[in-house]
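Chains as they are written, first to last, in the numbering used here: chain H, 1 to 114; chain X, 1 to 114.
No lab work stands behind these hints, which were simulated from the structure alone. Just so you know, even glycine gets a beta-carbon here, dropped at the ideal spot from N, CA and C. Don't take every hint at face value.
Between beta-carbon pairs, the in silico distance windows are [unchecked claim]:
(1) H:T79 x X:D69: 42 to 52 Å
(2) H:E69 x X:S7: 38 to 48 Å
(3) H:E62 x X:S27: 29 to 39 Å
(4) X:P114 x H:G40: 41 to 51 Å
(5) X:W113 x H:T77: 35 to 45 Å
(6) H:N84 x X:L8: 20 to 30 Å
(7) X:T81 x H:A81: 36 to 46 Å
(8) H:N53 x X:D78: 44 to 54 Å
(9) X:F50 x H:V52: 23 to 33 Å
(10) X:E5 x H:T102: 20 to 30 Å
(11) X:Q80 x H:E69: 37 to 47 Å
(12) X:A41 x H:A61: 20 to 30 Å
No farther apart than 30 Å at their CA atoms in a straight line, the calculated lysine-lysine pairs in the DSS-like style are these [as the list claims (entries may be wrong)]:
(13) H:K70 x X:K70
(14) X:K70 x H:K57
(15) X:K36 x H:K71
(16) X:K56 x H:K70
(17) H:K95 x X:K36
(18) H:K9 x X:K36
As a plain string of letters, each chain reads:
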Amino acid sequence: DGGITQSPKYLFRKEGQNVTLSCEQNLNHDAMYWYRQDPGQGLRLIYYSQIVNDFQKGDIAEGYSVSREKKESFPLTVTSAQKNPTAFYLCASSKQAGVVETQYFGPGTRLLVL
Amino acid sequence: GEDVEQSLFLSVREGDSSVINCTYTDSSSTYLYWYKQEPGAGLQLLTYIFSNMDMKQDQRLTVLLNKKDKHLSLRIADTQTGDSAIYFCAETPDRGSTLGRLYFGRGTQLTVWP
Numbered sequence: 001d002g003g004i005t006q007s008p009k010y011l012f013r014k015e016g017q018n019v020t021l022s023c024e025q026n027l028n029h030d031a032m033y034w035y036r037q038d039p040g041q042g043l044r045l046i047y048y049s050q051i052v053n054d055f056q057k058g059d060i061a062e063g064y065s066v067s068r069e070k071k072e073s074f075p076l077t078v079t080s081a082q083k084n085p086t087a088f089y090l091c092a093s094s095k096q097a098g099v100v101e102t103q104y105f106g107p108g109t110r111l112l113v114l
Numbered sequence: 001g002e003d004v005e006q007s008l009f010l011s012v013r014e015g016d017s018s019v020i021n022c023t024y025t026d027s028s029s030t031y032l033y034w035y036k037q038e039p040g041a042g043l044q045l046l047t048y049i050f051s052n053m054d055m056k057q058d059q060r061l062t063v064l065l066n067k068k069d070k071h072l073s074l075r076i077a078d079t080q081t082g083d084s085a086i087y088f089c090a091e092t093p094d095r096g097s098t099l100g101r102l103y104f105g106r107g108t109q110l111t112v113w114p
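Next up, chain H with everything else stripped away, as it sits in the complex (with noise of 0.2 Å):
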């Protein structure tokens, strides 16, 4: 089955301590997203990246890292800057970039501040 996972379901992070979401897709998938959603709000962008090796800021990226070092992953990491993180996160892919191409969602991570 083609499909986007997202690890782990739930993540709780400790003041000051940086936390790494999982993005992976088997849909060979060039273009792949983080978005981010709080309650009664729309969804976010916080990074995408187009190709392997390549990556852009999305709306909010302030305190969020990514890598793209291979085409089927795509971590997130919440670094200790980012100080409203408790949110519902969401990771998305799509066929190609620079086109336009429905975008795929994985099941999402829910980050929770202890």
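With the hints as your guide, set chain X onto chain H.
Same frame as chain H, now just chain X:
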């Protein structure tokens, strides 16, 4: 920036039709999407429409696009309790570096009463 607006709540009785409305501001929008999100889950693509179309039907779903008024609607016929979810409208502009990016509304919580 791009603005996508939706009403936040809609309640209907089982068996009735639901109409969820969305307005957007970007006249360069190429594709417009409807996504469904069930509690604690990722987003599921329901349907999309290209900006040169004014209607698309897919089983119980009908999408209407009024490009002049920048108004998009999703009609669900014979609404069932399983349709209860948050519905997101999203658009992608056809402009340079933003090509392929999605801009989301805040979502409409649809509640279906038995």
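These are the hints, each one checked on the structure:
1. H:T79 x X:D69: 42 to 52 Å: holds (43 Å)
2. H:E69 x X:S7: 38 to 48 Å: holds (42 Å)
3. H:E62 x X:S27: 29 to 39 Å: This hint holds: roughly 30 Å between Cβ atoms.
4. X:P114 x H:G40: 41 to 51 Å: violated (25 Å)
5. X:W113 x H:T77: 35 to 45 Å: holds (43 Å)
6. H:N84 x X:L8: 20 to 30 Å: holds (22 Å)
7. X:T81 x H:A81: 36 to 46 Å: holds (43 Å)
8. H:N53 x X:D78: 44 to 54 Å: holds (49 Å)
9. X:F50 x H:V52: 23 to 33 Å: Taking Cβ atoms as reference, X:F50 and H:V52 lie about 29 Å apart, which means the hint holds.
10. X:E5 x H:T102: 20 to 30 Å: holds (22 Å)
11. X:Q80 x H:E69: 37 to 47 Å: holds (44 Å)
12. X:A41 x H:A61: 20 to 30 Å: holds (25 Å)
13. H:K70 x X:K70: violated (39 Å)
14. X:K70 x H:K57: At roughly 28 Å apart (the allowed maximum being 30 Å), H:K57 and X:K70 satisfy the hint.
15. X:K36 x H:K71: With a Cα-Cα distance of about 27 Å, the restraint between X:K36 and H:K71 holds, given a limit of 30 Å.
16. X:K56 x H:K70: violated (37 Å)
17. H:K95 x X:K36: OK: H:K95 and X:K36 at ~20 Å, within 30 Å.
18. H:K9 x X:K36: Holds. H:K9 to X:K36 sits at ~19 Å (cutoff 30 Å).
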